[in-house]
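Start from the sequences, fold in the hints, and give me the full structure.
As given, the protein sequences belong to chains L and Y, one line each in that order.
Quick note on this note's numbering: the first sequence kicks off at 1 and runs consecutively.
Quick note on this note's numbering: the second sequence kicks off at 273 and runs consecutively.
None of these hints come from the bench; they were simulated from the model.
It should be emphasised that the depicted structure is a prediction, and the values quoted were computed from it without experimental measurement.
Cβ atoms here follow ideal geometry from the backbone N, Cα and C, with glycine treated the same way.
Be a bit skeptical, because a hint or two may be false.
To give an idea of the chain Y side of the interface with chain L (calculated C-beta under 10 Å), a few residues [claimed, not checked]: (1) GLN317; (2) ALA359; (3) GLY360; (4) ALA361; (5) SER362; (6) LEU373; (7) TYR413; (8) LEU439; (9) TYR440.
There are 2 protein chains.
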Amino acid sequence: MIPESLTQGQFDTVYNFLSLVIASQLFTALFLLICLPRILPRYRQAITVAIVVCGIAAYHYLRIFDSFKDAFVTDAVGGDGIYTQAAGASFNEGYRYVDWLLTVPLLLVELIAVLALARALQSKLLWRLVPAAVLMIALGYPGEISDDNMVRGIFFGLSMIPFLYILYVLFVQLTASLDLQPAGVRRSLSNLRWLLLGSWAVYPIAYLLPMLNVSGADAWVGMQIGYSVADITAKAVYALIIYRVARIKSFAEDPAFAEREMSHGAFARETV
Amino acid sequence: MIPESLTQGQFDTVYNFLSLVIASQLFTALFLLICLPRILPRYRQAITVAIVVCGIAAYHYLRIFDSFKDAFVTDAVGGDGIYTQAAGASFNEGYRYVDWLLTVPLLLVELIAVLALARALQSKLLWRLVPAAVLMIALGYPGEISDDNMVRGIFFGLSMIPFLYILYVLFVQLTASLDLQPAGVRRSLSNLRWLLLGSWAVYPIAYLLPMLNVSGADAWVGMQIGYSVADITAKAVYALIIYRVARIKSFAEDPAFAEREMSHGAFARETV
Numbered sequence: 001m002i003p004e005s006l007t008q009g010q011f012d013t014v015y016n017f018l019s020l021v022i023a024s025q026l027f028t029a030l031f032l033l034i035c036l037p038r039i040l041p042r043y044r045q046a047i048t049v050a051i052v053v054c055g056i057a058a059y060h061y062l063r064i065f066d067s068f069k070d071a072f073v074t075d076a077v078g079g080d081g082i083y084t085q086a087a088g089a090s091f092n093e094g095y096r097y098v099d100w101l102l103t104v105p106l107l108l109v110e111l112i113a114v115l116a117l118a119r120a121l122q123s124k125l126l127w128r129l130v131p132a133a134v135l136m137i138a139l140g141y142p143g144e145i146s147d148d149n150m151v152r153g154i155f156f157g158l159s160m161i162p163f164l165y166i167l168y169v170l171f172v173q174l175t176a177s178l179d180l181q182p183a184g185v186r187r188s189l190s191n192l193r194w195l196l197l198g199s200w201a202v203y204p205i206a207y208l209l210p211m212l213n214v215s216g217a218d219a220w221v222g223m224q225i226g227y228s229v230a231d232i233t234a235k236a237v238y239a240l241i242i243y244r245v246a247r248i249k250s251f252a253e254d255p256a257f258a259e260r261e262m263s264h265g266a267f268a269r270e271t272v
Numbered sequence: 273m274i275p276e277s278l279t280q281g282q283f284d285t286v287y288n289f290l291s292l293v294i295a296s297q298l299f300t301a302l303f304l305l306i307c308l309p310r311i312l313p314r315y316r317q318a319i320t321v322a323i324v325v326c327g328i329a330a331y332h333y334l335r336i337f338d339s340f341k342d343a344f345v346t347d348a349v350g351g352d353g354i355y356t357q358a359a360g361a362s363f364n365e366g367y368r369y370v371d372w373l374l375t376v377p378l379l380l381v382e383l384i385a386v387l388a389l390a391r392a393l394q395s396k397l398l399w400r401l402v403p404a405a406v407l408m409i410a411l412g413y414p415g416e417i418s419d420d421n422m423v424r425g426i427f428f429g430l431s432m433i434p435f436l437y438i439l440y441v442l443f444v445q446l447t448a449s450l451d452l453q454p455a456g457v458r459r460s461l462s463n464l465r466w467l468l469l470g471s472w473a474v475y476p477i478a479y480l481l482p483m484l485n486v487s488g489a490d491a492w493v494g495m496q497i498g499y500s501v502a503d504i505t506a507k508a509v510y511a512l513i514i515y516r517v518a519r520i521k522s523f524a525e526d527p528a529f530a531e532r533e534m535s536h537g538a539f540a541r542e543t544v
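In C-alpha cells, the structure reads:
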C-alpha cells in the first residue's frame, strides 16, 4: 500500500509529522503527570487514563516512525533525493490498529470518568461504550490489511455498526447527564464529543481512499498527515480539555482547594 | 542545503553545539521539575509549561543530532578527516520547524502565565499570541524547504506579519500589565521580551542567508551555531528567568512561604 517512491519533500513531510505526533503525545503525558496533584482526587482517574493513552500513542508512533524510515531507501547525497521502497522492509500500518485497540476504549473511559457520575450509571455507560469501541477497531482491521475492495467494504460496513452505536450513546444517552454538569464545563464536555466525532471521521475517510482509487504518493502522504493530526487531536488536545474540565470542577466543588491553588485567583473566582 | 564537505573542526563544532543544546534543555527541565514545589501553586503552571518546552526542545535536538551524524561520512582514520555528504541520508532541517511549532506558542504561554493576570485579560492575550505564533511558524516552513528564492521571500514576508503582530502585543498591549507587577520583577519581565526578540531575530537572519547567497561550509556551520545559541537562550535561559520571577513573586505574596523556604534568607528578605 505504500507508494513506489517519495520525493525528498514528501518523505520529510511524513517524517516530520510522525515526529510531531511523538513529541505531542510524549509531552502532553509529561505535562499531565506533573499537573496530576492540581485536581481533586476524584478526577485523577480520568487524567491518569489520559496520561496512559498519550504514552501508548507515543510508543506506537515511535514504532511507526522507525517502520517508515526502514521502508524507504534514498539515493540522496546530502541534499534532495528520491526515496524508493527498501528491499526487505515494509511499512507496518497495523501498528495504528494495535494503538487504537488500546487507546480508543480508554478515550471513552476518560470522558465518562471526568463526568464523575453515579457509580451505577457510570458502569452502565462503560459496559456499552468500551466493548463497542473494541469491536469497532477489531472489525476494521481485516478490511485494512485486505487488498480486495469487496472485503474492505464489508468490514467497513461491519465496523460502522459499533461506531454508530457509540455515537448514539454519546449524543443521545449521555446528554441528560451532561445537563447535570456545572455550567462552566457543560459546553466543553459537549464539544469533546464533537472533537471525538470530528477526529474519528478522518479514519473512515482514510480507510475508504483506496476503494475510491485515490492512490499515489500524494494521497498516501495526505493520509499519513490526516492520521497524525487526528491522533494529536483525539488524544493530546482531547486530554488537555479533559484536564481543564477536571480543574474547573475541582475548583467549583472545593473552594478551599481553589483558594490553595489560586492559580490565577481570578480564574478560580470566575469558575466557582 | 548542507555543504559538500566539512573539515574535522567544522564537523566537531556543529556536533558539540548540538550536544550542548541537548544537555542544556534536558537538565534545565530536570532542574525546574525539582524546583516546582518551591514556588506558590499559582506559578506552577508557568514552570510546568517551561519544563515541557525544554523537554520538547531536547527531544528534537536529539533527532537533529542523529540526522546530522547520519548526513556525513568521513575518511578520518582516528585523526583529522574530511566529512563529505553521506549517500542515502539528508540533514532534516524541518525538525526545527516541528520544534518551534510546539514550543514558540508555549514560550508565550509561559510569559503570560507567570504574570498571573486576571483570567479575562489572560485569555484575551493568549487568543492573540498563540494563533499568531502558530501562523508565524507554519508560514515559514514552505519557504524553508523551497530552493526558489522567490517562494522563500514570499513566505518570509507572510510570516513576518504575525511576527510583527506578536511584537505589537508584547511591547504595546502588555506594557500596562507589566506596570502592575511587583517592583522586584518588573525589570526582569520587561527584559524577557527583549530576550525573546533578540533570540528570535536569529531565525529570520538564518532564513535569509541563502537568499543573500551566503553559502559554503562556514556559513552553514555559523547558522547551526546561531540556531543552537538562540534555542538555548529562548528556551533554557528564558525558563530560568521565568522561574526566578515566579520565586520572587511567591516570596513577595506569601511571607509565611518565604519564611518556610528561607533557603537564601537574604534573597527572601531582599525580595519581600
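### Query
Failing hints, ascending?
8, 9
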